[in-house]
Each structure stands twice: as structure tokens, then as C-alpha cells.
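*Asks:* Take these sequences, add in the hints, and give me the full structure.
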Amino acid sequence: MLGSQILKMPTFIFQGGRKANLSVLRVILAEMRKNYKQFFFTYYSLFWVLILPFGNGLLYYFMYLPFTKDYIKFEWLGRGLNVDIIGFTLIGQLAYTFFLSTLIAAAIFDREREQGTFEIMLLSPANRLAILLGNTFGASIRYLWLMIGTIAIFAFSFNVGILINDFLAVFLSLLLSFLALLAFGLSLAAFSIHSRRGGLIAIACQEPVAYVSGLVVPQNALPQTLAQAGYLIPLTIGLIALRLCLLGGVLLQDIQLLLASLLVMIVVYVVLAHFLIKIAEKSAKAKGTLALF
Amino acid sequence: MEDIVCKDLTRVYESSRRKRIFGEKIVRSVTAVDHLNLKVEEGELFGLLGPNGAGKTTTVKMLCTLLLPTSGYAAVRGLDVVKNANQVRRIVNMVAGGERMIYYRLTGRENLEYFAELYDVPKQKIKSRVNNLLELVGLYDRADDEVEKYSKGMKQRLQIARGLVNDPQVLFLDEPTIGLDVDIAKDIRQFIRKRLVDKQGKTVLLTTHYMAEAEEICDRVGFLFKGKLVALGTPSELSRMLGKFTTLELIVQGVTDQAVKGLNTFKDIEVVAVENVEYMEASAFKIVLHVTSDELTPQTVTHFERFGAKVVSLNVRKPNLEDAYIHLSRRQES
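Quick mapping for you: the protein sequence lines, in order, are chains A and B.
All letters in the first sequence, in the order written, are residues 1 to 293 by the working numbering.
All letters in the second sequence, in the order written, are residues 1 to 334 by the working numbering.
Check before you lean on any hint, since a few could be wrong.
[Said to hold, decoys possible] List of simulated lysine to aspartate or glutamate pairs, EDC-like, C-alpha gap at most 20 Å:
#1 K152(B) with E114(A)
#2 K83(B) with E281(A)
#3 K318(B) with E295(B)
#4 K37(A) with D144(B)
#5 K37(A) with E14(B)
#6 K287(A) with D34(B)
#7 K155(B) with E114(A)
#8 K287(A) with E14(B)
#9 K37(A) with D34(B)
#10 K37(A) with E146(B)
Derived by calculation from the structure, the hints in this document are not laboratory data.
Being a predicted model, the structure only gives us computed values, none of them experimental.
*Replies:* Encoded structure:
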């Protein structure tokens with residue numbers, strides 16, 4: 001039932017039938033192409049995308065070493081697992097870097113506003129959510145393939161204890177985490193358009209999210225309130241699901257609840273982004289803060 | 001048919017600030033456009049003139065759906081800009097002066113292709129339309145260079161091409177020649193008049209504070225002053241508004257403040273402008289006067305001579321749009 005509701009989402013969000021949906025797709029693709037060429041086009045940027053997660057990963061790894069040596073105790077619904085430190089930080093880095101890319105997408109709108117192109121986008125009849133989606137998706141996808149490649153090489157070189165018993169569970173965890181983070185990024189981008197503080201939001205979110213999501217320390221090690229707050233962020237649930245099925249070898253039925261939560265988050269955050277962007281545009285047009293020329 | 005209609009269009013900006021962090025909030029309102037009534041015919045090139053802060057850009061923003069009016073009504077080709085915003089966006093486009101609003105790391109062609117996608121231009125038409133536009137604005141040979149390598153004039157021409165990518169029926173040009181060299185600005189003016197209006201029949205609303213620009217290309221012009229439309233007509237009609245006046249431009253050496261102030265004793269002479277200029281490598285003043293009778297010309301020369309100044313150049317001409325504008329704005333200020 002939830003699935004069928006999600007399938008109906010595009011018609012709800014991108015009203016106007018097949019033709020309108022095709023033009024929405026064109027806007028998303030155009031936005032992705034532009035995003036890639038405008039903001040990510042040199043080998044220099046490629047270098048930083050590879051170096052940054054390595055640096056952070058090593059930082060967390062050496063932070064744990066004096067205390068735990070080999071394993072981190074990781075719990076989910078009373079089920080305890082001792083997971084490999086490198087594996088724990090690597091998977092954390094994979095999801096977290098992807099989360100950072102969605103923050104960057106939100107910050108990009110500040111730049112669009114400064115260079116005057118944001119007004120020109122909104123001067124067109126293009127679907128606003130499609131613009132957001134193209135931008136966020138473009139920013140994320142370029143990190144995703146790099147991250148998976150990098151982490152695969154890293155994992156093999158360090159003999160991480162990967163234990164996979166259900167490939168479908170791994171695939172669904174990756175896919176739904178990706179989509180849920182994308183939806184979360186959409187809401188952030190819509191909010192940053194409204195607040196005109198995308199860059200600031202991106203910087204302010206990084207460290208708190210790293211902690212409450214369980215990237216740095218497992219959720220079970222956090223104070224209860226903080227741990228509960230963390231469940232509002234798809235990164236937290238995605239991380240638990242990925243760690244369980246990549247390091248703990250759990251099966252699909254063991255992470256059903258997590259996957260269902262990710263599905264709900266996708267719906268909630270896409271709908272939230274849809275309304276936020278409408279409110280943001282309306283308020284900016286009323287206040288006169290949309291155009292800066 | 002009227003392509004642009006404004007009825008009592010008003011826009012008030014409100015800004016608030018606090019003197020201290022938790023201090024009292026001070027709200028300030030500025031009426032940028034004040035009950036504007038305007039009609040622009042299909043295929044007309046209409047100039048909206050006024051000084052900085054007159055409300056020209058605010059009017060354009062409201063007409064192209066980027067800003068909500070505080071009150072009043074505005075429509076483009078019969079479509080309400082508030083209620084039918086999305087339909088209006090399909091038939092209008094806007095080009096502003098300056099070097100913003102394009103992507104510097106994309107090529108000229110990529111910029112146009114991107115905006116064509118946003119406007120849902122049919123896939124099979126994009127290539128030919130982009131090529132035609134690049135040719136139209138003289139950028140075809142540099143189409144595959146990144147925009148950051150373009151000169152200022154090239155960027156402005158690319159902006160114009162961007163504004164035409166959806167083949168708009170109504171085009172808003174907001175100070176399109178600002179900051180450009182004289183010859184490039186002239187090329188752009190001719191392009192707007194001959195190609196866009198005369199050949200393609202587009203309706204263009206041009207805002208500018210260059211009077212000569214409006215006089216050269218506009219069918220009709222309106223003067224905006226502090227958000228109010230204070231005059232409307234063809235450039236020659238507005239210039240004739242000063243019908244009884246003749247404009248005198250004098251270059252005077254050795255002139256004193258007293259001599260200039262002394263002109264006020266003449267009933268039919270109005271001092272329009274006094275500016276410091278260089279004449280034959282010596283310092284001089286250019287004084288522009290409106291006089292009601294030709295007989296006053298020799299009297300003016302005699303007046304300066306009486307104060308020990310020397311009139312080294314004298315030009316008598318009919319008033320132009322700029323004279324009319326200065327006259328009107330002074331009247332408004334007083």
C-alpha cells in the first residue's frame with residue numbers, strides 16, 4: 001500500500017500528466033548536466049572528493065584505536081554485534097560523504113543567487129521541485145560512484161571483515177539510504193532557498209549530524225535524547241541498515257523495519273520539500289528577496 | 001491588442017531592523033511603484049525612463065512574475081501576472097544589464113541549451129534555435145568557448161540570446177546597455193529596434209536612464225519619477241512639451257557663482273545644468289539654459305560679459321528628450 005502511494009507521488013508533485021512529467025525529467029537532466037559542468041569539472045575537485053573521506057576516516061579510526069583495538073560494540077533492537085573498526089568507520093564515511101554532497105547541493109543555491117541565475121531559473125516555467133531534484137541528485141551522484149569505488153579499494157586493502165549473507169538486503173539498504181538522503185537534501189535545499197543561508201546551514205549541520213547519526217560513535221553509546229533525535233535523519237537509519245547487512249550479515253527480514261522507515265522518510269521529505277519550495281518562492285516574491293538585480 | 005496592461009499597479013517594500021539586538025523594531029516602507037497605469041501595444045518598443053530608484057526595475061520584476069504587486073493589476077497578453085504566473089512565464093523573458101545571469105563555466109552554447117530545456121523547447125528544435133540565436137547575436141564562432149573567456153559585450157549579447165531562447169512574445173530589457181562601450185551599446189540598440197521589433201514583431205519594454213537611447217529607438221516612452229508615471233508619449237511629443245523653450249548650451253570661461261545666480265533675475269531663463277568642462281586646454285563651465293525667446297540669447301551673452309566672463313561657445317537647439325526629462329523631474333521635485 002505504501003509502495004503504491006509512493007508510485008503515485010510523481011503525479012501529485014509534478015501535476016500535469018505524461019507530457020508534464022517528461023518535461024520534469026528534462027529539467028532534472030539539464031540541471032544535473034549544468035551542475036556537473038559548472039561546479040564539478042576539474043581534476044582538482046576530483047582530488048578533494050577522494051582525499052576528504054580518507055582524512056576523516058583515518059581520524060575516526062585512530063580515535064577509536066586506544067580504546068577498543070579491534071571491535072566496536074554495535075546494537076540494534078537489543079541485538080548486539082561486534083563490528084570491525086575499519087568497517088564501521090568506512091561505511092560511516094560512505095554514507096556521510098553522500099550526506100555532505102546533499103548539503104553542498106543546498107549551498108549551491110546561494111551561489112546561484114549571487115550570480116543572478118537563480119532568478120532566471122525561477123523566471124522560467126520549469127517545475128521548481130525538478131530544479132531542486134536535478135541539483136541535489138547531480139551533486140550526490142557524482143560523489144556516490146567515487147565513494148563506492150574508493151571504499152571498495154580501501155576495504156580490500158585493509159582486510160575489512162565484510163560479511164554479506166543477503167545481497168538484496170545490501171542493494172535495498174544502499175538504494176533506500178541514497179533516496180532518503182536525497183529527499184532529505186531536497187528539503188534542506190528548499191529550506192536554504194527560503195532562509196538564504198544555504199552555506200551556513202551546510203557548515204552548521206556537519207558536526208552535529210556526524211554525531212547524532214552514529215557515524216562517529218554507535219547510536220547505543222549516545223544519550224537517549226540525542227539518539228532519538230538522530231532517527232529524524234535518514235543518515236542514521238541508513239547507516240544502521242548498511243552496517244547490519246554489510247558487517248553483521250543480517251537478512252532482509254531483519255532490517256524490514258529500517259527499510260520501511262527509510263521509505264516513509266522518502267515520502268515525508270519529498271512532500272516537505274514540495275511545500276517548502278512553494279512557501280519559499282511565495283514569501284520571497286512577497287518580500288522582494290527573490291531577485292537581486 | 002495591448003500586450004502589457006498595468007492598472008493602479010503598486011509595490012511597497014517594507015524593511016525592518018532593530019537598533020539593538022533586543023531593541024525596538026523599526027519598520028520602514030518605501031513605495032517603489034505608485035499606482036502605475038500603463039498600456040503597451042503589441043509590437044511596440046516602449047521605454048520606461050527614470051533615475052535610479054524610480055521604480056523601473058520593480059515594474060519589470062512584477063510584470064515578469066518575479067515580484068508580487070502590493071495592490072493593483074498587471075497583465076501580459078491578457079494573462080494576470082499573479083493568477084496566471086506560469087502561463088505568463090512561457091511567453092515572456094527578461095534581460096538585465098551587467099555580466100550576471102549566465103553560467104561562466106559553461107560555453108555559450110551550453111548556456112542556451114540549458115535554458116532551452118528549462119523552457120521545454122521541443123528537443124528537435126533546440127539545436128537549430130540555439131544555432132540561430134548564436135548567429136543572430138554574432139557569437140556563432142565563439143559558441144563553444146567558456147563564457148568566462150568572453151568580453152563584456154559578448155556576455156551581454158549572450159544574455160540577449162538567452163532572453164530569446166523561448167521565443168518570447170514580450171521581452172523585458174532592464175538597462176541592457178549599462179556599462180557597455182558606445183559602439184557596442186549602439187549595435188545592441190540597433191539589434192533591438194531592427195531585428196527584435198521591426199523584423200520579428202516582438203513587444204519590448206525597455207528600461208533605461210539613458211535618454212538618448214530611448215529617443216533613438218523607442219516608439220513611446222514614459223517617465224517614472226519616485227514610482228509615479230509623470231509623462232507619457234512619443235519622444236518627439238515629450239520633447240515638444242517644452243515647445244516654447246529653446247535650449248542654449250554655453251561654454252563660458254571665467255564665470256563666477258554670482259554670474260550664474262544672476263541669471264535667476266531673468267524671468268524667462270531657467271538654468272538647467274552647470275558643469276565644469278575643459279575647453280581649448282583651459283578650464284571652463286558648460287551652462288545649459290532654457291529660454292522662452294530667441295531674443296534672450298544676446299542678453300545672456302551680455303550678462304556674462306558684464307561679470308567679466310567670456311562666452312567661448314554658444315549652441316542654440318530645440319529641446320530633446322533629456323531636456324524634457326530634466327524639466328519634468330525638477331517640476332516633480334519642487
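*Asks:* The structure should be examined with respect to each hint, and the outcome stated for every one.
*Replies:* These are the hints, each one checked on the structure:
no., hint, verdict
1, K152(B) with E114(A), "18 Å, holds"
2, K83(B) with E281(A), "15 Å, holds"
3, K318(B) with E295(B), "15 Å, holds"
4, K37(A) with D144(B), "13 Å, holds"
5, K37(A) with E14(B), "39 Å, violated"
6, K287(A) with D34(B), "17 Å, holds"
7, K155(B) with E114(A), "17 Å, holds"
8, K287(A) with E14(B), "8 Å, holds"
9, K37(A) with D34(B), "43 Å, violated"
10, K37(A) with E146(B), "11 Å, holds"
Violated hints, listed in ascending order, are 5, 9; each of the other numbered hints is respected by the structure.
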